[in-house]
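Q: Given next are the chains, with one letter for each unit.
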Amino acid sequence: MYRIGIDVGGTNTDAVIMQGDKILAGVKSATTSDVMSGVVDSLKKVLAETGVKNSTVSAVMIGTTHFTNAVVERRSLSLTAAVRLCLPAAQCLPPMVDWPDDIKQAVGGHYWMADGGNEFDGREISSLNDIQLTKIADEIDALGIDTVALCSVFSPVNDSMEKEAMAIMKKRLPKANFTLSSEIGRLGILERENAAIMNASLRKLSSHTVGAFGKALKSVGLSCPYYVTQNDGTLMSAKFVQEYPVLTFASGPTNSMRGASFLTGEKNAIVIDVGGTSTDVGALVNGFPRPASTSVDVGGVRTNFRMPDVYSIALGGGTIINPEDPISIGPRSVGYRIHEDGLLFGGDILTATDVAVGLGIADIGDPEPAKKLGSERLQIIKSKIDEMIVNAAERMRVSSDRIPVLAVGGGSILIPDTVGDLPVVKPNYFAVANAVGAAIGQISGEVDRIFSLTSISREEALETARKEATKKAIAAGAKPDSIEILDQEDVPLAYLPGNATRIRLKVVGDLNG
Amino acid sequence: MDKLFEVFDTDLDAIEIGAAILGTGGGGNPYIGKLRCRLQLQQGRRIKVIPIDELRDDALVVSLGGIGAPVVGVEKIEQGEECLRAVHALEDDLGCKVDALISSEIGGANSMEPMLTAAQAGIPVVDGDGMGRAFPEMQMCTWSIYGHRSTPSAMADEKGNIVIIKNTRNEVWVETLARANVVAMGAAAGIAMAPMKGSYVKKVAIRSTITQALSLGNSVLKAQRDNTDPIAAVLAHEDGRLLMTGKIIDLERHLKGGFAVGHIFIQGFGDFSGDKGQIDIQNEFLVFHRNNQVEICVPDLIVVLDVDTGLPITTEVLRYGQRIAVLALPCDDLLRTPEALKVVGPAAFGYPEVTFTPMPSSKNKEGKR
Numbered sequence: 001m002y003r004i005g006i007d008v009g010g011t012n013t014d015a016v017i018m019q020g021d022k023i024l025a026g027v028k029s030a031t032t033s034d035v036m037s038g039v040v041d042s043l044k045k046v047l048a049e050t051g052v053k054n055s056t057v058s059a060v061m062i063g064t065t066h067f068t069n070a071v072v073e074r075r076s077l078s079l080t081a082a083v084r085l086c087l088p089a090a091q092c093l094p095p096m097v098d099w100p101d102d103i104k105q106a107v108g109g110h111y112w113m114a115d116g117g118n119e120f121d122g123r124e125i126s127s128l129n130d131i132q133l134t135k136i137a138d139e140i141d142a143l144g145i146d147t148v149a150l151c152s153v154f155s156p157v158n159d160s161m162e163k164e165a166m167a168i169m170k171k172r173l174p175k176a177n178f179t180l181s182s183e184i185g186r187l188g189i190l191e192r193e194n195a196a197i198m199n200a201s202l203r204k205l206s207s208h209t210v211g212a213f214g215k216a217l218k219s220v221g222l223s224c225p226y227y228v229t230q231n232d233g234t235l236m237s238a239k240f241v242q243e244y245p246v247l248t249f250a251s252g253p254t255n256s257m258r259g260a261s262f263l264t265g266e267k268n269a270i271v272i273d274v275g276g277t278s279t280d281v282g283a284l285v286n287g288f289p290r291p292a293s294t295s296v297d298v299g300g301v302r303t304n305f306r307m308p309d310v311y312s313i314a315l316g317g318g319t320i321i322n323p324e325d326p327i328s329i330g331p332r333s334v335g336y337r338i339h340e341d342g343l344l345f346g347g348d349i350l351t352a353t354d355v356a357v358g359l360g361i362a363d364i365g366d367p368e369p370a371k372k373l374g375s376e377r378l379q380i381i382k383s384k385i386d387e388m389i390v391n392a393a394e395r396m397r398v399s400s401d402r403i404p405v406l407a408v409g410g411g412s413i414l415i416p417d418t419v420g421d422l423p424v425v426k427p428n429y430f431a432v433a434n435a436v437g438a439a440i441g442q443i444s445g446e447v448d449r450i451f452s453l454t455s456i457s458r459e460e461a462l463e464t465a466r467k468e469a470t471k472k473a474i475a476a477g478a479k480p481d482s483i484e485i486l487d488q489e490d491v492p493l494a495y496l497p498g499n500a501t502r503i504r505l506k507v508v509g510d511l512n513g
Numbered sequence: 001m002d003k004l005f006e007v008f009d010t011d012l013d014a015i016e017i018g019a020a021i022l023g024t025g026g027g028g029n030p031y032i033g034k035l036r037c038r039l040q041l042q043q044g045r046r047i048k049v050i051p052i053d054e055l056r057d058d059a060l061v062v063s064l065g066g067i068g069a070p071v072v073g074v075e076k077i078e079q080g081e082e083c084l085r086a087v088h089a090l091e092d093d094l095g096c097k098v099d100a101l102i103s104s105e106i107g108g109a110n111s112m113e114p115m116l117t118a119a120q121a122g123i124p125v126v127d128g129d130g131m132g133r134a135f136p137e138m139q140m141c142t143w144s145i146y147g148h149r150s151t152p153s154a155m156a157d158e159k160g161n162i163v164i165i166k167n168t169r170n171e172v173w174v175e176t177l178a179r180a181n182v183v184a185m186g187a188a189a190g191i192a193m194a195p196m197k198g199s200y201v202k203k204v205a206i207r208s209t210i211t212q213a214l215s216l217g218n219s220v221l222k223a224q225r226d227n228t229d230p231i232a233a234v235l236a237h238e239d240g241r242l243l244m245t246g247k248i249i250d251l252e253r254h255l256k257g258g259f260a261v262g263h264i265f266i267q268g269f270g271d272f273s274g275d276k277g278q279i280d281i282q283n284e285f286l287v288f289h290r291n292n293q294v295e296i297c298v299p300d301l302i303v304v305l306d307v308d309t310g311l312p313i314t315t316e317v318l319r320y321g322q323r324i325a326v327l328a329l330p331c332d333d334l335l336r337t338p339e340a341l342k343v344v345g346p347a348a349f350g351y352p353e354v355t356f357t358p359m360p361s362s363k364n365k366e367g368k369r
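These protein sequence lines map, in sequence, to chains A and B. Under the numbering used here, the first residue of the first sequence is numbered 1, with each subsequent residue one higher. Under the numbering used here, the first residue of the second sequence is numbered 1, with each subsequent residue one higher.
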């Protein structure tokens, strides 16, 4: 059986076809504004190149920046009602208080605060108020809004209030779709609520997009299930991503790092992904991207997702270079216009790729125009480019161990043979590492809540968390015998006696079938 | 009181950064407090700050802050008037009006709470605090250290519950009762305590710490804007010393007596290549060791910053692999006296074998006092 991985990027839509651990082919097509025809195009290409029959493809995995871009560009977002269950607590800062005005407007900025919420130890702050919630539902209905984000205080510890409130409001809003914050976020109410509201506002777009992915697959004769990758390198079913589009945020860098790991067999490495305009540098720890530790903004909105820690610099294959003194490199790039503007393709702009070609490092287009600058000058420019890459890699390095640098992406010809004292590995299929990362996505299950260690030991609490996470992973489609712990962390809560501790634990497993 | 100055919206980002640096890893994140201050200002309230010397000797000043667990503070955020109700409850108990509020600790979230409450109450907040940094317990305020009682004190939660603590046997009892009470209140409450005369505040408060947090934060923001080294800016501003740049290579955290206790281990790089650092944590950063020798300890400040941005890293978000700069900043002279060291010196934190050697500081000798 075969699997297809697709990466829908800003410039290119890449596809790979894999049989077990073997890659049979990788192709690139231009991303189209409707997204779908680019997907259809790359699917057709990759199937034609390998002669694989559609009926033997068991799954398609899609990585996409579609939803991140919708938020960043403030387009296709639905009007959303934000309802916080908290009173009398948490009323000092209303929902969306720290959002930029333009995105607040794009989702309507409507919010309500109602009775409900729990204490850290599970007690109720106040009970749910049926009449109050019914009235809110009527007000939402009167505004013509049919998308609701519900967020209750301490819902990651106890999600029952969010569920009950949804049941009450659904009586008046039978057609509305609801996003519950407990299902997507961690402790930290503002960030979790932000994620829930963004998710709710993307639900219609995600229904449409996921439907369109389905149609694209069907139109090339694929009837297998398809999955979308999330920001930790794991997969979501088509149905799941319809409900939780926000979990696709930052899946692009994750896929490229996981793909690089797979292509080289390296589990601990620095990954440098050079595109046309920018270079993303990340670190692999045990085969997974190292997560960022601080809160991450998406389109100016603060979230607490587990995003990969990525350092980006303005250096890519199309980066514009001024060869005269003082030499300058970027930050502007000719981007996808390199095929018209680059010296090597007959244009009149010196790009980073021209420098590599002029020095004979890469063999694309015409090296002669660049050579006119003289090898000494080209060498000086190249050493400046190398320095930028070394500094970026050094920033992400986690130890003095000589771990390898994995060079991927279309512009990775710019990466020298060694980065500082680190050896560089350039795998086959380096240009489609993202699509490979999507194709090898795994299924996960996560637990993040506070345990009281008065009646159970820390080990028992971790075991409970592991079992819960495993159950979630199996429910999401993981093979039970392949499940292992990806990450676990326990943070004792200062000032709270009764040994309260916050446990975050995540397991992953291979996709069933 | 015409020498008052105001804190404006445009100052809040800087105070957030400065207060988090002075929090030495603890004290809670001031982000939420910053947003709350911003809303108050947008609603037309004003934050007025009174320099210590402008206080009347007979003014009634109350120490104020939120207490609870930082992780609860970011989840069950406040109703908004907890501290205000605590102040009013204390006024009721005392039978007179409070003239000004002062922060119990400038480090972390409690930098913002008194500014907010003062704006709500329409009274000024004093430019100073009881720690000049963050410490884990309330009796570590200078007012307690130098003999003032914290009682009567008033605690208020978001539900409207009020608890008055008074007639306690000693300061440790205040802390004990307040802790038990804050847990019952859902691990977050406002507390107004230690009603003091202006003349006493002038003697024992750590001075000008709102101004200090503001200008410290501004120096970091300026360095970021100018693309200069923010860590150098912090060191220059605070007369501090760079202890080490390095990566966190191991991290242990566990619970002991209700506190987050642990260690981080650092592998030096750059000028510190080959050095091994260790920081001991009890909510805040307590002790820094280089190659197994104690080099800096409480009450001097140990600060951990992101090596590139210069932004402070709190103990809750420490992570394996982080690239950090460790700085030592001199504490105020008021924390270096024998009386103070009994309460906030290394022995008070379980290091009887460590002797506090104050780091040299021109600031204390020439500047502030």
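These aren't lab readings, by the way, just hints derived from the structure by calculation. These figures come from a predicted structure and were not determined experimentally. You may find that some hints are simply not true.
For lysine-lysine, the following DSS-like pairs were computed, each having C-alpha atoms within a straight-line distance of at most 30 angstroms [as the list claims (entries may be wrong)]:
1. A:Lys170 - B:Lys342
2. B:Lys222 - A:Lys267
3. A:Lys204 - A:Lys218
4. A:Lys163 - B:Lys276
5. A:Lys104 - A:Lys239
6. A:Lys384 - B:Lys247
7. A:Lys479 - A:Lys215
8. A:Lys239 - A:Lys53
9. B:Lys3 - A:Lys135
10. A:Lys267 - B:Lys247
11. A:Lys239 - A:Lys384
12. A:Lys215 - A:Lys44
13. B:Lys247 - A:Lys426
14. B:Lys247 - B:Lys3
15. A:Lys467 - A:Lys28
16. B:Lys222 - A:Lys384
Q: So which of the earlier hints does this model not fit?
A: Per hint list: 1, 2, 4, 9, 11, 14, 15 violated.
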